[in-house]
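**Q** Residues per chain are reported as follows:
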Amino acid sequence: MNLDYAFRRLLQMAPLLLGISVLGFSMMHLAPGGPTALYTLNPNVTAEDIERIKEAWGLNDPLHVQYLRWAGNMISGDFGNSFRGGAEVRDLIVERVPATLQLMGTAYLVAVVLGFVIGALGAFRQYSVFDYLATTGALVTLSIPTFWFGLMVIFVFSERLGWIPSGGTQTLGSGGGGLLDRLHHLVAPASVLGLVLTAQWSRYFRTSLLETKNQEYVRTAHAKGLAEPTVLRRHILRNAVLPVIALAGVQLPAVFSGALVAESIFGWAGMGRLFLDALTYRDYPILMAMLMITAFLVVFGNMLADIALGLADPRIGARS
Amino acid sequence: MAASQAVALPAIPERRSRSESIVGQIWRRFRQHRLAMAGLAVICFLFLAAVFAPVIAPYDPEQVNPIARHQPPLSAGHPLGTDEIGRDVLSRLLYAGRVSLVVGFAAMAVTVIVGSVVGLISAYYGGKVDAVLMRLTDVFLSFPTIYLLLVLAAFVQPSVLSITLIVGATAWMEVARIVRAQFLALKEQDFVLAARALGATAPRIMGRELLPNGIGPIIVAATLQVANAILAESYISFLGYGIQPPQASWGIMLNNAQDFFTRAPWLAVFPGVAITLAVLAFNFIGDGLRDAFDPRQRVG
Chain P
1 MNLDYAFRRL LQMAPLLLGI SVLGFSMMHL APGGPTALYT LNPNVTAEDI ERIKEAWGLN
61 DPLHVQYLRW AGNMISGDFG NSFRGGAEVR DLIVERVPAT LQLMGTAYLV AVVLGFVIGA
121 LGAFRQYSVF DYLATTGALV TLSIPTFWFG LMVIFVFSER LGWIPSGGTQ TLGSGGGGLL
181 DRLHHLVAPA SVLGLVLTAQ WSRYFRTSLL ETKNQEYVRT AHAKGLAEPT VLRRHILRNA
241 VLPVIALAGV QLPAVFSGAL VAESIFGWAG MGRLFLDALT YRDYPILMAM LMITAFLVVF
301 GNMLADIALG LADPRIGARS
Chain W
1001 MAASQAVALP AIPERRSRSE SIVGQIWRRF RQHRLAMAGL AVICFLFLAA VFAPVIAPYD
1061 PEQVNPIARH QPPLSAGHPL GTDEIGRDVL SRLLYAGRVS LVVGFAAMAV TVIVGSVVGL
1121 ISAYYGGKVD AVLMRLTDVF LSFPTIYLLL VLAAFVQPSV LSITLIVGAT AWMEVARIVR
1181 AQFLALKEQD FVLAARALGA TAPRIMGREL LPNGIGPIIV AATLQVANAI LAESYISFLG
1241 YGIQPPQASW GIMLNNAQDF FTRAPWLAVF PGVAITLAVL AFNFIGDGLR DAFDPRQRVG
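So the sequences go chain by chain: P and W.
Residue 12 in this note's numbering is what sits at position 12 of the first sequence, and the numbering runs on without skipping anything.
Offset between the second sequence (1-based) and this note's numbering: plus 1000.
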């Protein structure tokens, strides 16, 4: 096993997380009004009150003391309170996680399967009409602004054809909320996000398969008379699919971005939607928490992908 | 090999003539890429349309006309229709193209400058400097772009300049990595050693030896960055944190169109098509340039 590699990879996360938190902390302090923005923007709060709050919150302490306190709170899951309503930021976010996971998970699944099929068909029929259409189609898909694509989907399939609801996670009122109803609402946002991801995955798989196909060990396998399906399964696919695993982590930031847009267009009450609402009211504690959480998840996702890759491919752990 | 390169130093005029023929070769290979040529044609078209907007536009883009609201496309005098307060969509599209393209190119410039500086310093000095700069790059890459863009946009007063800087600030990492990788590969080459042996200073080696030799991938990345920047601007504007009305970009027009979507879908169609065309064209050009600069790398 390759636990040594996994452990090393875990250690490498530390400076990254430190950097992310320093950047986040600086942004919180650069924000207009800083951490006390809620009060400085309120005309009923006097300058003396603010001074008192600053003293109580320790904002007059040296910066590194403040940073350690802030980072400590973050680690223990205390992201502060929302400027609006004062609810705990942690609770507000936790409430939204399932919806985002449903959306991202469905889109990821669709994209990996479809992307693999399209990429493989393209790679094994390189320069065929299908390959040409698929690669060009992927680039076109990646060039369309996701929000505009979403709008067009709503216009055609919801406004004109009436096949799908125009937004929300479920039908409000009686009759809504069942599994089928939820799935019905999930179709459009998941398809829009899924299609964008499919375009990327098909490119990854195609490139990786083409590279593997031209390796010498594949030629050797052919030369020693192995049947085509055997070469495909044991020599090409296995080696081509592995490097793509790592891309699952690399792609994560783009998936979060895409999910935010899809949630915004389709009124999907997930984390992206929460972030956009917080942006409207300049609710910095929520914005900062979301920025930190997504960045941490990205770092964590990358690490998991690398470790998975290390476990699957012994050469990787041995290299460094 | 090593000796012949080092001795070839006096032959500077010959090197120049050879570099010209390299540009010729790249252009010849680029021309064979049909989609890239189509992309180039589209960009020239959009560019000319933006430059000559005052001449082409049938109306003042901000001229309100209360009796001609929500005119559909192809109606009298308004080939692409009018919006909710009777402004001519074609005229607005032309002027908005100016903003979108300017932000696209300017943000690309910011990206390339910041990325090149970071990448060059990182590769040239190596060691601790390299480690710190590359971790910084990783830190920026860990944030989902839209989240970072929107948080930054919420802090500042939106203007063409601030949006350009924000888009550039969130996109320099890829260029930095490319520049670093490119120059790490070049740094140990004989012609660089020769220049160092002759006593050339660090900035001179970077500017005169490393940059011209590693320029290909940077140009490719820069082209793709224009596409990314146009997209990024449209996202910020669409979500309502971009340049403020009445000045319009394609993204702003889409943001506007959202409210009148059922009554006037054409308001959303044309700006979206414009963004897609511009982004796709730059992506195609980038693909074509990649093949033209390095035919060995060709995959697709």
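Calculated from the structure, these hints are not laboratory results.
Among the hints, a few may not be true.
[Claimed, not checked] Listed next, the in silico DMTMM-like pairs over lysine to aspartate or glutamate satisfying Cα-Cα at most 25 Å (straight line): (1) W:Lys1187 <-> W:Asp1291; (2) W:Lys1187 <-> W:Asp1130; (3) P:Lys213 <-> W:Asp1291; (4) P:Lys213 <-> P:Glu88; (5) P:Lys213 <-> W:Glu1188; (6) W:Lys1128 <-> W:Glu1188.
[To be verified] To give an idea of the interface, some chain W residues facing chain P are shown, with a C-beta separation under 8 Å as derived from the structure: (7) Ala1038; (8) Leu1133; (9) Leu1136; (10) Asp1138; (11) Ser1142; (12) Tyr1235; (13) Pro1265; (14) Trp1266; (15) Gly1272; (16) Asn1283.
[To be verified] Now the in silico label distances, taken between C-beta atoms and shown as ranges: (17) P:Leu311 <-> W:Phe1052: 29 to 39 Å; (18) W:Gln1025 <-> P:Pro98: 27 to 37 Å; (19) P:Arg90 <-> W:Leu1165: 30 to 40 Å.
As the structure is a prediction and not an experimental result, all values here were calculated from the model.
By construction, the Cβ of each residue, glycine as well, lies at the ideal position given by its N, Cα and C atoms.
**Q** Can the suggested window of 27 to 37 Å be confirmed for the beta-carbon pair Gln1025 of chain W and Pro98 of chain P?
**A** violated, 56 Å
**Q** Could you grab the alpha-carbon distance between Lys213 of chain P and Asp1291 of chain W and see if it respects the 25 Å cut-off?
**A** Between Lys213 of chain P and Asp1291 of chain W the Cα gap is close to 20 Å, so the pair holds against 25 Å.
**Q** Need the status of pair Lys1128 of chain W, Glu1188 of chain W: alpha-carbon distance at most 25 Å?
**A** Holds, at roughly 19 Å.
**Q** If you take the shortest Cβ to Cβ gap from Ser1142 of chain W to chain P, is it below 8 Å?
**A** Holds - the Cβ of Ser1142 of chain W comes within 8 Å of chain P, reaching about 4 Å at its closest.
**Q** Is Lys213 of chain P within 25 Å of Glu1188 of chain W, Cα to Cα?
**A** Cα-Cα ~32 Å, so violated.
**Q** Keeping to a limit of 25 Å between CA atoms, is the pair of Lys1187 of chain W and Asp1291 of chain W held or broken?
**A** With Cα atoms ~24 Å apart, Lys1187 of chain W and Asp1291 of chain W stay inside 25 Å; holds.
**Q** Quick one, are Lys1187 of chain W and Asp1130 of chain W close enough, alpha carbons at most 25 Å?
**A** Status holds; Cα separation ~14 Å.
**Q** Checking hints one by one. Is Gly1272 of chain W an interface residue toward chain P, by the C-beta closer than 8 Å rule?
**A** holds, 4 Å
**Q** Take the shortest C-beta to C-beta distance between Asp1138 of chain W and chain P; is it under 8 Å?
**A** It holds, given that the least Cβ distance between Asp1138 of chain W and chain P is near 6 Å, below 8 Å.
**Q** Between Arg90 of chain P and Leu1165 of chain W, does the beta-carbon spacing fit 30 to 40 Å?
**A** Distance hint for Arg90 of chain P, Leu1165 of chain W holds at roughly 33 Å.
**Q** Taking only the CA atoms, is the gap from Lys213 of chain P to Glu88 of chain P under or equal to 25 Å?
**A** Answer violated: Lys213 of chain P to Glu88 of chain P is near 53 Å, above 25 Å.
**Q** Answer holds if the nearest beta-carbon of chain P is closer than 8 Å to that of Pro1265 of chain W; otherwise answer violated.
**A** holds, 6 Å
Against the hints set out earlier in the document, violations occur for numbers 4, 5, 7, 8, 14, 17, 18.
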